[in-house]
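Chains as they are written, first to last, in numbering that gives the first Met the number 0: chain A, 0 to 443; chain B, 0 to 472.
Take these hints with a grain of salt, some might be off.
[As the list claims (entries may be wrong)] Think about it this way: if two alpha-carbon atoms lie no more than 20 Å apart in a straight line, the pair counts; the simulated SDA-like pairs of lysine to any residue are:
no., chain 1, residue 1, chain 2, residue 2
1, B, K300, A, E58
2, B, K300, A, E16
3, B, K20, B, G69
4, B, K300, B, K20
5, B, K83, A, R60
Hints listed in this document are in silico derivations from the structure and should not be mistaken for laboratory results.
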Amino acid sequence: MSGHDRGSPYAPHTPAETEAMLDALDVDSEADLFDIPDAVAFDGDFGIEARDERSIRREVRRRLDRNDDLVEFLGRDHYDHYVPSLVDHLADRQEFLTSYTQYQPEIAQGFLQALFEYQSMLVELTGLGVANCSVYDAATALGEAATLAARVRDADGQRVLVPEHMRAEKRSVLENYTAGVDLSVETYPMADGAVDTEALAEAVDEETLLVYAESPTVRGVIEEHLGDIGALAEDHDALFCLGSDPVALAMLERPADVGADVVVGDAATLGLGTAYGMGIGLFVTREEYLRQVPGRLVGAGEDDSGRRAYTLTLQTREQHIRRERATSNICTNQAWVALRTAMHAAMLGPDGLVELAEDSIRRARDAADRLDDISGVRAPVHDRHQFREFVAHTDQPAGAVVDDLAAAGYAVHRVGEHLIQVCVTETNADELDGLVAAVEEVAQ
Amino acid sequence: MNYSQARWSEDDRYEPLLSEKGNREVAVDEDGLLPDDLTRDTVELPALEEPELARHYTRLSQMNYGVESGPFPLGSCTMKYNPKFTEDLAALPSAAVHPDRDEGTVQGLLGVMHGLQDYLARIGGMDAVTLQPPAGAAGEFAGVLVAKAYHEHNGDQRSEIVIPDSAHGTNFASAAMAGFDVVELPSAEDGRVDLDALESAVSEETAALMLTNPNTLGLFERDIEAIAEIVHDAGGLLYYDGANLNALLGQARPGDMGFDIMHYNVHKTFATPHGGGGPGAGPVGVVSELAPFLPAPRVRKTEGETVERFDPEHTIGKVHGFEGNWLVLLKTYAYIARLGDDGLADASAKAVLNANYLAEQIDYEVPFGPFHHEFVASAGEQDAADVAKRMLDYGVHPPTTKWPEIVDEALMTEPTEVETTRSLDQLAEAFNAVAGEDDETLESAPSETAARRIDQVAAARSPRLSWQALDEE
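Let's have the full structure, built from the sequences with the hints guiding it.
Okay, here's the thing in structure tokens:
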């Protein structure tokens, strides 16, 4: 492309320039610059053939086209909301996309301000005082919440209580994050899809560091007793960590009002859409735990001209300064997704966001009603308010139902021997008639 | 080079916050979909229309410096140019699938993941790779957990991880998160691992040595074979921090040097965008003996040439709720395919050539060498942080400063292979202009950036972390 047909297309040196640079260094070849003992030098090849853009695009497109073209009615912690075009176009500006952590705030005000705005939106949605500018995903955010609890609670106890219904994968991440501080992750039961507060009351004791609950749950159930859960935790000097997401938070009880100490979840329900599980961990907590927060924080300050300006702040919590005593090992985070989340929230505005949340209730309710009308199907299984998704009982084995629906072009979850789960958002709502018809075919 | 960053300002602030342009408080659930006690009353958020938002974010972007703005030699971060075509691939509708899809219905996606596992194994000289960790530090954490599980599986409780003092802070933090005690290894006078110190640091408690090679001074650990022998003789494992792999592509492989575990920073070595702080991805490669401990699931080919997910026999479980930052991994795959063997080797050759050429052109002393893809200069009598602020005025991003501490007033500089002779000369001019300036000039810099010098100490003293906090004043 630029006079050299071998080598990296993104290393722009012409042969003459390379020669001149080598001359300036008084060496004969680039190889002379490497200080690698022969015994460990690599003289083989990787066997990776260089290809041009067009052929790679064709290959990747062809490969991905091998994914079956199913209409997904899938959720369970990863959701597909429509992302407005503005988000792609503006988040892809190179100033945002290709920059890095704002170690030099004077030249990075734009991203810092966008992250400050992201933090502020989460403060509004949760009612808690401090949002960081992201961890990796909902599961790692929960892991960070548990280690934060271990740092701020000086109780002897090491118990982290989690609900019966949560993703096993999320729990596995939590167990790994807590291994270093020897916490034990224990399950408390649910009743009809929601927290069994009586059972939880029995489970919580003075050894409990953290109580975790989700609303909506992984089954889409809206918890009705969050305040009681918060009170139970507080009575035992444990932290209450609530899992949620920005769309649900726009409508459901404010975490601050139910006694939540930490709110975690996937903020990419706004901004990213379906991305094979890629998301962004939202992490919000009370101001009193500010110095124990993991990850980056953007704060407002002033510059020499007296104007308000933004900067990463309280960095002494972080690994590059505090090393093994840091609040977390996180360095690279999901900042660009945070930018997208903020852009999407701004595009919706408060009216649009509340409407999206309300639609998430209507859609789950209406879809459940329609499936419930089908003989051989009962929906929703839980007698609860549902958000976006719900579990349905099928008289037929759920495995067969899911397979038959896939053959008909629809993907739903199997969550039990006779239980399927269905998630409806604006991106698949137009296909609901088709799904209902397909379920009628296969569930009888 | 003259430079003047866009500066949008209004009164005593720059671009106003979204909230200052127009928040609106709206009532929630007026239709009574839920009982009152299950809903909040109102939500107050910015209420702006698309044209206003487009202008807001465009202005913010203009007050931000990216790789395409100019040279970005931020040491240890490998700020390469990010090829555009990989963005188009990540935007394909067929790439947007749900992680709970049955494996039989996402063969294309799993095929790309399998292909990337294979590429990375070859490049690192490793036997097995997991793509799950969502960043370099997450890779470290996964790798250290693998080491822990391996030792425990062998009935061996080991409590310590040895880390050189010049290592990235994440190494220490990741080891601690996994429950290990950190044994810090002082560097030898030449900036490399001190073999005697290593001998006395390792013991039957040593689970692993975490090593960056070339290290953060850009120096290759020439004694790597002896290092590996010392660690292995003590029963420990050797962990490779892939932050500096851009120095070695096609020249040396961690697997051939005796490393048992490594992570790759794909946002560094393989040019996926840094995104203002992330997302990246931190795949982990291991030798075959450790493969049974990798996170679940991995993917493999079946005899029928389909790709399946599987859980390694003694898996540590999960380090990400799903399977990592898939869209970043897809870009990684495309970048590696674009470069191939020659391109990858050339990327490292040119990265090393550029670092050496730049170091040769600047007036600041570079105390340690021979270095590879990055060097650490010393600002000497000047304050490295002030040097960085002043360099901003010359239209370049400055180096990483004041680290590693082994160099006084460190300027850790990594130009990467993407700079031309001309842009390296521009960088050198910036370094040298600043080297000749007095403290007063440096301390009053920058003046050409959107914001002037920001008082970070004051910002930390009274933290204001949201527009709500500003409103309270």
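### Message
Need the status of pair B:K83, A:R60: alpha-carbon distance at most 20 Å?
### Response
holds (16 Å)
### Query
Is B:K20 within 20 Å of B:G69, Cα to Cα?
violated (32 Å)
### Message
What's the verdict on B:K300 and A:E58, does the C-alpha distance respect the 20 Å limit or exceed it?
### Response
holds (18 Å)
### Task
Assess, step by step, whether the Cα of B:K300 is no farther than 20 Å from the Cα of B:K20, and give holds or violated.
Distance ~54 Å between B:K300 and B:K20 Cα, so the pair is violated.
### Query
If you draw a straight line from the CA of B:K300 to the CA of A:E16, is it 20 Å or shorter?
With a Cα-Cα distance of about 45 Å, the restraint between B:K300 and A:E16 is violated, given a limit of 20 Å.
When held up to the earlier numbered hints, the structure conflicts with 2, 3 and 4 and fits the remainder.
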